[in-house]
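Student: So the protein lines, in turn, are chains A and B. First residue of the first sequence? That's 1 in the numbering used here, and the numbers climb one at a time after it. First residue of the second sequence? That's 115 in the numbering used here, and the numbers climb one at a time after it.
What the hints contain is simulated information worked out from the structure, not anything from laboratory work. The hints are all genuine.
Not close to chain B: a few residues of chain A, all C-beta gaps over 12 Å, as computed:
1) 11
2) 13
3) 14
4) 15
5) 16
6) 20
7) 24
8) 28
9) 71
10) 72
11) 74
12) 76
13) 78
14) 81
15) 84
Per label pair, the in silico range of CB-to-CB distance:
16) B:185 <-> A:61: 33 to 39 Å
17) A:43 <-> B:192: 17 to 23 Å
18) A:30 <-> B:229: 45 to 51 Å
19) B:170 <-> A:52: 18 to 24 Å
20) A:81 <-> B:124: 31 to 37 Å
Every residue gets a Cβ at the ideal spot worked out from N, C-alpha and C, and that includes glycine.
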Amino acid sequence: AQTVTQSQPEMSVQEAETVTLSCTYDTSESDYYLFWYKQPPSRQMILVIRQEAYKQQNATENRFSVNFQKAAKSFSLKISDSQLGDAAMYFCAYGGGTASKLTFGTGTRLQVTL
Amino acid sequence: NAGVMQNPRHLVRRRGQEARLRCSPMKGHSHVYWYRQLPEEGLKFMVYLQKENIIDESGMPKERFSAEFPKEGPSILRIQQVVRGDSAAYFCASSLVAYSNQPQHFGDGTRLSIL
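Could you put the whole structure together from the sequences, leaning on the hints where they help?
Tutor: In structure tokens form, the structure reads like this:
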């Protein structure tokens with residue numbers, strides 16, 4: 001079974017600074033996808049970024065980028081120029097092979113301070 | 115906004131009652147997924163449905179829980195004889211196709227509270 005581990009329950013970053021959230025996963029599949037979702041206090045689940053495992057190039061979406069290390073099974077999220085609106089729970093998720101379901105980590109709560 | 119619609123947003127039930135949670139997928143989406151989020155935890159997969167079919171219910175408790183996605187109308191997650199441990203946020207997601215590379219679009223969730 002696939003597992004997703006987020007070892008940082010909470011992180012804090014100052015506005016305009018950069019923060020990296022870590023995520024590791026375990027799988028025996030070769031074809032899979034990884035996602036970062038953001039859950040603000042409103043509890044919506046918002047897709048931030050996704051990465052295809054077969055692509056070596058790291059995904060980037062504006063201020064959000066990932067560091068995907070396939071051999072190490074690591075998928076960290078970097079948020080540049082942090083804004084107050086980035087404060088939320090961030091969940092790493094795995095979607096593998098023929099399975100459609102997503103496996104989520106336990107989340108990292110990000111605080112953004114002035 | 116033609117996003118995933120879940121209702122009700124909040125549902126309060128007493129122990130032993132039934133809870134019915136509804137989910138209307140995004141327009142054109144025929145794949146629906148239900149997840150449960152216990153307090154301070156991540157989302158856990160419960161069931162995956164296509165129109166009129168349950169494809170994967172490996173995360174669904176064997177008793178008291180059922181799900182359907184009829185040809186017409188929303189998907190329903192039904193919990194019979196609710197207990198305190200059923201208190202959680204229940205999220206529905208939908209996708210256009212059932213490949214893992216396709217992002218799942220989530221509704222705002224239903225927060226179920228059991229008295």
